[in-house]
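**Student:** What follows is each chain in one-letter form.
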Amino acid sequence: MNKALKKSIEASKGKDGKKATIIIHSGDFDKIMSAFIVGNGYLSMGVSVTLFFTFWGLTALKKVGFQRAPLSRMNILGIGRTMIRKRMRKYNVASLDELADSFKKLGGTVIACTMTMELMGIRNEDLREDLVDEYGTVGKYCFESKDADITLFI
Amino acid sequence: MNKALKKSIEASKGKDGKKATIIIHSGDFDKIMSAFIVGNGYLSMGVSVTLFFTFWGLTALKKVGFQRAPLSRMNILGIGRTMIRKRMRKYNVASLDELADSFKKLGGTVIACTMTMELMGIRNEDLREDLVDEYGTVGKYCFESKDADITLFI
Amino acid sequence: MNKALKKSIEASKGKDGKKATIIIHSGDFDKIMSAFIVGNGYLSMGVSVTLFFTFWGLTALKKVGFQRAPLSRMNILGIGRTMIRKRMRKYNVASLDELADSFKKLGGTVIACTMTMELMGIRNEDLREDLVDEYGTVGKYCFESKDADITLFI
Numbered sequence: 113m114n115k116a117l118k119k120s121i122e123a124s125k126g127k128d129g130k131k132a133t134i135i136i137h138s139g140d141f142d143k144i145m146s147a148f149i150v151g152n153g154y155l156s157m158g159v160s161v162t163l164f165f166t167f168w169g170l171t172a173l174k175k176v177g178f179q180r181a182p183l184s185r186m187n188i189l190g191i192g193r194t195m196i197r198k199r200m201r202k203y204n205v206a207s208l209d210e211l212a213d214s215f216k217k218l219g220g221t222v223i224a225c226t227m228t229m230e231l232m233g234i235r236n237e238d239l240r241e242d243l244v245d246e247y248g249t250v251g252k253y254c255f256e257s258k259d260a261d262i263t264l265f266i
Numbered sequence: 113m114n115k116a117l118k119k120s121i122e123a124s125k126g127k128d129g130k131k132a133t134i135i136i137h138s139g140d141f142d143k144i145m146s147a148f149i150v151g152n153g154y155l156s157m158g159v160s161v162t163l164f165f166t167f168w169g170l171t172a173l174k175k176v177g178f179q180r181a182p183l184s185r186m187n188i189l190g191i192g193r194t195m196i197r198k199r200m201r202k203y204n205v206a207s208l209d210e211l212a213d214s215f216k217k218l219g220g221t222v223i224a225c226t227m228t229m230e231l232m233g234i235r236n237e238d239l240r241e242d243l244v245d246e247y248g249t250v251g252k253y254c255f256e257s258k259d260a261d262i263t264l265f266i
Numbered sequence: 113m114n115k116a117l118k119k120s121i122e123a124s125k126g127k128d129g130k131k132a133t134i135i136i137h138s139g140d141f142d143k144i145m146s147a148f149i150v151g152n153g154y155l156s157m158g159v160s161v162t163l164f165f166t167f168w169g170l171t172a173l174k175k176v177g178f179q180r181a182p183l184s185r186m187n188i189l190g191i192g193r194t195m196i197r198k199r200m201r202k203y204n205v206a207s208l209d210e211l212a213d214s215f216k217k218l219g220g221t222v223i224a225c226t227m228t229m230e231l232m233g234i235r236n237e238d239l240r241e242d243l244v245d246e247y248g249t250v251g252k253y254c255f256e257s258k259d260a261d262i263t264l265f266i
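Chain order of the listed sequences is A, B and C. For the first sequence, my numbering begins at 113 and goes up steadily by one. For the second sequence, my numbering begins at 113 and goes up steadily by one. For the third sequence, my numbering begins at 113 and goes up steadily by one.
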């Protein structure tokens, strides 16, 4: 690997050099919440974070989809989406919008999977463009995660 | 990072310094089995393991829920929960209870997500307290996993 | 760890010494696609990749199951399995068969979980033997992933 490339990878890491990359394949409301909560946790500790949204995860990034994502287990154990949102407000748990906003403010990176966009007929303007930093292929994800210290698939 | 902190992190690692952290978000019986099977595998190799139970994963840690967790694909391919349990006995595959017991005996750590507890109205006494080592936030998970060598999200 | 063992681990790594291991627990068509796409991405960058097929993931490796795996979200957002396949052809996205073939040609390794085979009554000849390199226990997976740089659970 040449020096310039190595340097640019180092520069993309957090304060103490740690880096996390998370693939978000699932479009479930609770899993996307988990992704942003964990992402924000790492960012607050100086770990750099890149989220790669693909398949159903990407459809949840659609303007119309962000608040409409289903739970991975709907209405089981007596707790549905409305219930979860109500309790989130009651216990001051940040909403998905707030979590995503924090993620961006803390310096997190969001990549939208271009293959999924083609496959599902999603255009740039269909997505929450305020959240997306880059549109990239799986090659982009692999390049980013190759030197990551923490890798998750959600 | 100060020396004392660094030392305590090193101390929390396994014999050859390797460490695994696993987030268990899913509450599916087969996925929780996978988590404990993989966890026990690492522990037997001297890798330290921390399981962080959150969302539906945490509800499966409830006294009433541990044996009632559904399969991620119920009744597909002609194999349901009863069938899997029957075959598990037949082929001497450890039950979820046995797997969890082994995990504790091998020195594994279980953290229960406090945010999920608030969100879903779960109290300490609702959980399998014999399994839980700590009650912690996502910050606790991030701190633990920051220096992990193996990270999984189940 | 003795030198010979260390050497054999090093030898099993990719050109620049990076290694990825992926557990495929899910049998969903789109998740298996993701696994192979990501796997092929890493292989093309010189990262060695081992896929460990277990539970529903393994059933998808069955001769009869490979093309019949369901979507993790069927018929949601107006896009079903047929639709995805049609769009895959239209946009030149490789089929699951093509992805798996590339994976093997690029030097990727496929391990079939023997515990799952016993549990679900699957024999060697039921599986896509052209794809499987080894039949192994979770111990095999743990050994492989202990020194991996990238670990995912799908």
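These are computed hints drawn from the structure, not numbers from a lab. There's no promise every hint is true.
Any copy will do: because identical chains look the same in the list, a pair fits if it lies in one copy or spans two.
In silico SDA-like links for lysine to any residue, alpha-carbon gap of 25 Å or less [unchecked claim]: (1) K130 / E237; (2) K198 / E241; (3) K202 / Y247; (4) K130 / R235; (5) K252 / R199; (6) K130 / I196.
**Student:** Against the structure shown, which of the earlier numbered hints fail to hold, in ascending order?
**Tutor:** 1, 2, 4 and 6
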